[in-house]
Amino acid sequence: MTGPADEPRSPRRARDARWLRAATDRVPTTWIPGILTAVFLGAAAAFGGLEAVAAPPVATLEPGETHVNDMLSITVERAVLIDTLRDAGLYADPEKGERVVAAVVRAENVWDTALPAAAQGKGLSGSIIASNLGGRYPDAVARLDDGNTGPWLQPGVPVELVVGWIIKKDDLTDADELSLEIRDFSLVTGKLVAIGEWWDTPVVVAEMDVPLTDVGAGANQPSQGASR
Amino acid sequence: MKSVTVWAGGIVLLVAAWGVTQIPAGQALTESSFVQSVDVGDRAVGRQMAVTVTDVAAAERISDEVGWAADGAWVVVDVSVEAVNTEEGAVLGLATLLIDGDTYRASERPVSLLGKALQVGTPKTGSIAFELPAGMRDGTAVIRFTVSDRDWRLDSVVEFTVDLGSLRWDDERELAPLAGGGV
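The listed protein sequences correspond, in order, to chains A and B.
Per numbering that gives the first Met the number 0, residue 0 is the first one in the first sequence, and the count goes up by one each step.
Per numbering that gives the first Met the number 0, residue 0 is the first one in the second sequence, and the count goes up by one each step.
Isolated chain A, as found in the complex (with noise of 0.2 Å):
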């Protein structure tokens, strides 16, 4: 660019800029961020200032009962824990001194789409948090009936779903209960360089406490009916 400033203002310019510079003369710029300061601290404290903001209530859920949100309805109906539970995708090895905790879930996708449900951190893997385990997702999500690995839930098609932890054999025992926490999720909507709909921003809004049932080696189990 050539040099514009550098050439003298011509006098008509200089007539025309006059009532402006006459207008903003008047008006003390020191003063302006001492003003912007205090409207803004002004507005910061009418909005509460640095108050923590209250977190939404955590309700408190008893096994069997039923969590709906816009994504899923999800009940944990029990809790087991067991040496091995291979058939759902939980390999734990005894001589490592591990074991499994697997609660039985039923789960229904009431949103439009079918959703994941192994996929970890999200749909109902990220639903479900132990948090007596650390906070952690399951370590794997199966159906109950066919002993499926990697489900997807079908809108409007509920499915009972083993969603199990492996843990120390000393982490938990019958007298222990398994805690979870039940997170939702909001539906985010890509813009820009971003396509399509996708679950985000977890909160945790329920807590349960999920009473243990030690079966062994697990003889009996559930899942022992699967046809592959």
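Hints are computed from structural coordinates only; laboratory data are not their basis.
Treat the hints with care, since some could be wrong.
In silico lysine to any residue, SDA-like type, Cα no more than 20 Å apart, as pairs [to be verified]: (1) A:K121 x A:W110; (2) B:K115 x B:A43; (3) A:K121 x B:D148; (4) B:K115 x A:T148; (5) A:K167 x A:E97; (6) A:K190 x B:R152; (7) B:K115 x B:E59; (8) A:K121 x B:D150; (9) B:K1 x A:R14; (10) B:K115 x B:W168; (11) A:K95 x A:A216; (12) B:K1 x A:D15; (13) A:K190 x B:S32; (14) A:K190 x B:A27; (15) A:K121 x A:T188; (16) A:K190 x B:A43; (17) A:K95 x A:R85; (18) B:K115 x A:G149; (19) A:K121 x B:R149; (20) A:K190 x B:S31; (21) A:K190 x B:D150; (22) B:K115 x B:G71; (23) B:K115 x B:E158; (24) A:K190 x B:Q26; (25) A:K190 x B:T20; (26) A:K190 x B:K1; (27) A:K190 x B:R149; (28) A:K190 x B:Q21; (29) A:K190 x B:P176; (30) A:K190 x B:P23; (31) A:K121 x B:E107; (32) A:K190 x B:E30; (33) A:K190 x B:T29; (34) A:K190 x B:E86; (35) A:K121 x B:T102; (36) B:K115 x B:D154; (37) B:K1 x A:A16.
Okay, the calculated beta carbon distance ranges per label pair [stated by the list, open to error]: (38) A:R17 x B:L13: 24 to 30 Å; (39) A:T65 x B:R46: 40 to 46 Å; (40) A:G48 x B:Q21: 42 to 48 Å.
Glycine included, C-beta positions come from ideal geometry on N, C-alpha and C.
Given the structure of chain A, go ahead and fit chain B onto it with the hints provided.
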């Protein structure tokens, strides 16, 4: 230059720029898929995949070639699929069934053609099964076959429309065993 001319020129350019933004046809057109609608027996040839729907049926119980079986409201589509020009990346990645605004995904439960790699010149035959809510017996369903399981913008999509009310509901149906191709 007279400042009036400069201002006028600037405004004209701004209006012209706004006009240009109004011309493109929007995402619906620039990103839409190339849809081919087929009936039973028709062969649709897309960019990477050729699909022929050979039969459609509904059943209250289905079973597959390895002995798996399950009750439910099942819609079964028998298809013959092959790759078109290259086998690289040619896969029946996704089949969905759209009805009443809901999108069902082809069931991962039985052994089916879902996710199977395709070959050029040797069609693979088999079935795709959809699990619907119990009692869904009516309505027009659109079944879509795509190569990618997540993005079909500007890609070819095969659509097959079926009226659920006109299907005969069998008590039990065995899925067509996987055959042909590289099986």
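Checklist entry - Taking only the CA atoms, is the gap from K190 of chain A to S32 of chain B under or equal to 20 Å? => result holds (19 Å)
Q) Taken at face value, is the distance from the CA of Q21 of chain B to the CA of K190 of chain A at most 20 Å? A) Holds, at roughly 19 Å.
message = Run the distance test for K121 of chain A versus R149 of chain B: straight-line Cα separation, threshold 20 Å.
response = holds (16 Å)
Are the Cα positions of K190 of chain A and E30 of chain B separated by 20 Å at most?
At roughly 14 Å apart (the allowed maximum being 20 Å), E30 of chain B and K190 of chain A satisfy the hint.
Next pair to validate is K190 of chain A with A43 of chain B; report whether the Cα-Cα distance is within 20 Å.
It is violated: about 33 Å lies between the C-alpha atoms, which goes past 20 Å.
Need the status of pair K190 of chain A, P23 of chain B: alpha-carbon distance at most 20 Å? holds (17 Å)
**Message:** Can you confirm whether the C-alpha distance between K115 of chain B and W168 of chain B stays at or below 20 Å?
**Reply:** violated (27 Å)
- Within a Cα-Cα threshold of 20 Å, do K190 of chain A and R152 of chain B meet the stated pairing? holds (15 Å)
| Does the alpha-carbon distance linking K1 of chain B and D15 of chain A stay inside the 20 Å limit? | holds (14 Å)
Quickly compare the C-alpha distance for K190 of chain A and S31 of chain B to 20 Å and report which way the hint goes. Cα-Cα ~16 Å, so holds.
Q. If you draw a straight line from the CA of K115 of chain B to the CA of A43 of chain B, is it 20 Å or shorter?
A. The hint holds at about 18 Å.
* Take a quick look at whether K190 of chain A and P176 of chain B sit within 20 Å of each other, Cα to Cα. => violated (43 Å)
In terms of the numbered hints stated before, the structure departs from hints 7, 10, 16, 22, 26, 29 and 34, listed from lowest to highest.
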